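Participant: In order, the protein sequences belong to chains A and B. For the first sequence, my numbering begins at 1 and goes up steadily by one. For the second sequence, my numbering begins at 1001 and goes up steadily by one.
It is possible that part of the hints are untrue.
[Claimed, not checked] Straight-line Cα separation of at most 30 Å, DSS-like style, residue types lysine-lysine; simulated pairs:
hint, chain 1, residue 1, chain 2, residue 2
1, B, LYS1086, A, LYS197
2, A, LYS196, B, LYS1140
3, A, LYS214, B, LYS1140
4, A, LYS196, B, LYS1183
5, A, LYS214, B, LYS1141
6, A, LYS197, B, LYS1077
7, A, LYS196, B, LYS1060
8, A, LYS214, B, LYS1105
9, A, LYS196, B, LYS1135
10, A, LYS60, A, LYS241
11, A, LYS64, B, LYS1060
12, A, LYS196, B, LYS1141
13, B, LYS1060, A, LYS197
14, A, LYS148, A, LYS241
15, A, LYS148, B, LYS1115
16, A, LYS197, B, LYS1183
17, B, LYS1105, A, LYS196
18, B, LYS1060, A, LYS71
19, A, LYS214, B, LYS1183
20, A, LYS196, B, LYS1077
21, B, LYS1118, B, LYS1135
[As the list claims (entries may be wrong)] Distance ranges between label pairs, derived from CB positions:
hint, chain 1, residue 1, chain 2, residue 2, range
22, B, LYS1189, A, SER124, 55 to 63 Å
23, B, LYS1077, A, LEU82, 37 to 45 Å
24, B, LEU1256, A, GLU190, 54 to 62 Å
25, A, ASP173, B, GLU1238, 33 to 41 Å
26, A, ASP173, B, ARG1123, 31 to 39 Å
27, B, LYS1229, A, LYS68, 50 to 58 Å
28, B, PRO1136, A, ASP173, 30 to 38 Å
29, A, ASP188, B, ARG1123, 39 to 47 Å
30, A, LEU144, B, LYS1077, 50 to 58 Å
31, B, ASN1276, A, ILE210, 44 to 52 Å
32, B, THR1002, A, GLU190, 28 to 36 Å
33, A, VAL252, B, ILE1080, 44 to 52 Å
Keep in mind the hints are simulated off the structure, nothing from the lab. Nothing here was measured: the structure is a model prediction, and the numbers come from that model. Ideal Cβ positions, reconstructed from N, Cα and C, are used throughout, including at glycine.
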Amino acid sequence: MVKDITIGQYFPSDSIIHRLDPRVKIVLTLVLIVCIFICKNIPSLLAFVLITALLVLVSKVPLKMVLKSIKPIAIVILFTSLLNIFYIRGGTVFFEWKFIHITSKGLFTALFMAARVICLVVISSLLTYTTTPTMLTDAIERLLSPLKIFKIPVHTLSMMMTLALRFIPVLIDEIDRITNAQKARGADFETGGLIKKAQAMIPIIVPLFISSIKHAYELADAMDCRCYTDGSGRTRMKQMKTKASDYAALFVSLVFVTALILCNYAPFITGLTFFNTVI
Amino acid sequence: MTPVISVQNLNYIYNVGLPNEVRAVENVSFDIGHGELIGLIGHTGSGKSTLVQHLNGLLKPSSGDVLLDGKSIFESKSTIHEAKFKVGLCFQYPEYQLFEETVEKDIAFGPTNMKLDKEEIVRRVVKAASFVGLKPEHMKKSPFELSGGEKRRAAIAGVMAMEPQVLILDEPTAGLDPNGRDKILNMVKLYRDTTGCTVILVSHSMEDVAKTCDKVLVMNKGCVEMFGKTDDVFCRYEELSSMGLNVPQVSRIFSLLKKGGLNVNTEVFTVEAGVNELLKILKR
Ligand SMILES: Nc1ncnc2c1ncn2[C@@H]1O[C@H](COP(=O)(O)OP(=O)(O)O)[C@@H](O)[C@H]1O
Ligand SMILES: [Mg+2]
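Starting from the given sequences, assemble the full structure and let the hints guide the process.
Facilitator: Encoded structure:
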């Protein structure tokens, strides 16, 4: 059960995407997410879905793992798509019965919504699959470092983020251990109603809190012992270098984004029937 | 007489089918009789903890079976649940399982899950606390106010209070000072001698096992390598060292004495036995 958590999971491999500068990856991920919402006609949506599929292919992350990241929201997508199909009116009517109307506008809205959400999830999980948590927080720290001018403790924030990610597997292990220990004392987590089940969690949650707090103190002591300070003026063990491939990635994305914007907003293209805005 | 616990061709594999698959227990079979005090030793990672989690039904074997009083534990959901009460398992570092407001309530958690009546629970809690040497003034304290050794003993009392037929302690002395270690070992011995229950003591310390147990089961890389009387097993120094198990220091001193030309008996595993052996020689 707890073992299925995939937050911040990393899939080790050596694809082009794995080797990109994490800062570039974060920026491009954000750009792509914005782009999803630019697409307003079928050709641009199709192009976007293709690009997403291509990225997955190039990243060498197994399709199974990508699908696993969609699984938790599959129900939500299905449900909202159905609502869209049945209730939105406009365009050609295909089917009508009592309160149910299936229209072209409803179908397109559902299609766009589903495609957008899926692409959004796939692209953002691709970022965590191809970047180790430490690289990610390191990169976020660099990207946010201009905020230091406003006296925002960027380094401290990113350190907190790194530690939080670092402790997810530790806590999962701990939950397993404590659960087994209480089961050995005859604790029953399966039977009973909602209230009884919630009460049954107390013997797990209390020791978990206690040990988390203990971990925090121990870690703080260990950091003090090694004279940890907030990191101003500290040099890095791993330097981040923007390479030729990073510039290439940025350039390709720029072309892609420009093309998308033109397809959706330039009157001389959107005027063509092929690029009819449908949503 | 049927053995209390009979393990038959037990296999357990973690992460089946994944790249990080581990065969933690491989084809293990043995019988444990009533009232025996067994030491289960093996190097870290040899599969001791995995094995004992099968004995109370916490892990389901990949193949093989565990019989409790001649009946399979894994027959149905209810037999698995019952096994938890018949075979009390106290995990490594059990102090992390404490959660109640008072030590008393925490020790009572197991018996309460057994749905016993109030008086019986109180009787068991008092008895278990006295076994582990917790004083009445400890009982109303929060378990988090106790010292490390006391926490450990309170947690062990929590399992003892279920009065299981078989008590399993997984590395109960790990991380304790010599004084705390001796306290726990004496307590284990006393518990077996007064209740007559079967006890399995898991450890990687040969000294601990030599001091306490009648029989020893040696595990290496998921397999049972030796099973027999403590003295018989400990005689096989070389094999044990090759499994990464350190023979008790006294035994090593005596084998060195023998090599040095002193005519001593090398079958010495505890400090007391060593003292007696030396006295014998001095008198000669
Ligand atoms: N929850 C688990 N998941 C995967 N592998 C495990 C798990 N627990 C133990 N193992 C592996 O099984 C083997 C035996 O471990 P364990 O039974 O804990 O040994 P011991 O108690 O003798 O130190 C080890 O190789 C360990 O890495
Ligand atoms: Mg162990």
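Participant: With respect to the beta-carbon atoms only, verify the hint that B/ASN1276 and A/ILE210 lie 44 to 52 Å apart.
Facilitator: Given about 46 Å between the Cβ atoms, the range holds.
Participant: Check the hint pairing A/LYS148 with A/LYS241 against an upper bound of 30 Å on the C-alpha distance.
Facilitator: 21 Å, holds
Participant: Decide if the proposed pair is consistent with the structure: B/LYS1086 and A/LYS197, CA atoms, cutoff 30 Å inclusive.
Facilitator: 24 Å, holds
Participant: Per the hint of 50 to 58 Å, is the separation of the Cβ atoms of B/LYS1229 and A/LYS68 within bounds?
Facilitator: With Cβ atoms ~53 Å apart, the hint holds.
Participant: Can the suggested window of 54 to 62 Å be confirmed for the beta-carbon pair B/LEU1256 and A/GLU190?
Facilitator: For A/GLU190 against B/LEU1256, whose Cβ atoms are near 57 Å apart, the range 54 to 62 Å holds.
Participant: Kindly confirm whether 44 to 52 Å is satisfied by the beta carbon distance between A/VAL252 and B/ILE1080.
Facilitator: Distance hint for A/VAL252, B/ILE1080 is violated at roughly 58 Å.
Participant: If you draw a straight line from the CA of A/LYS214 to the CA of B/LYS1141, is it 30 Å or shorter?
Facilitator: Measuring from Cα to Cα gives roughly 20 Å; hence the hint holds.
Participant: Take the C-beta atom of B/PRO1136 and the C-beta atom of A/ASP173, compute their distance, and say whether it sits inside 30 to 38 Å.
Facilitator: Once the Cβ atoms are compared, 36 Å apart, the range 30 to 38 Å for A/ASP173 and B/PRO1136 holds.
Participant: Assess, step by step, whether the Cα of B/LYS1105 is no farther than 30 Å from the Cα of A/LYS196, and give holds or violated.
Facilitator: 19 Å, holds
Participant: Starting from A/LYS197, check that the Cα of B/LYS1183 is at most 30 Å away, please.
Facilitator: 38 Å, violated
Participant: Measure nothing beyond the straight line between the CA atoms of B/LYS1060 and A/LYS71; if it is 30 Å or shorter, mark the hint as holding.
Facilitator: 28 Å, holds
Participant: Falls inside 39 to 47 Å, the C-beta gap from A/ASP188 to B/ARG1123?
Facilitator: For B/ARG1123 against A/ASP188, whose Cβ atoms are near 23 Å apart, the range 39 to 47 Å is violated.
Of the hints listed earlier, those the structure fails to meet are numbers 4, 9, 15, 16, 29 and 33, in rising order.
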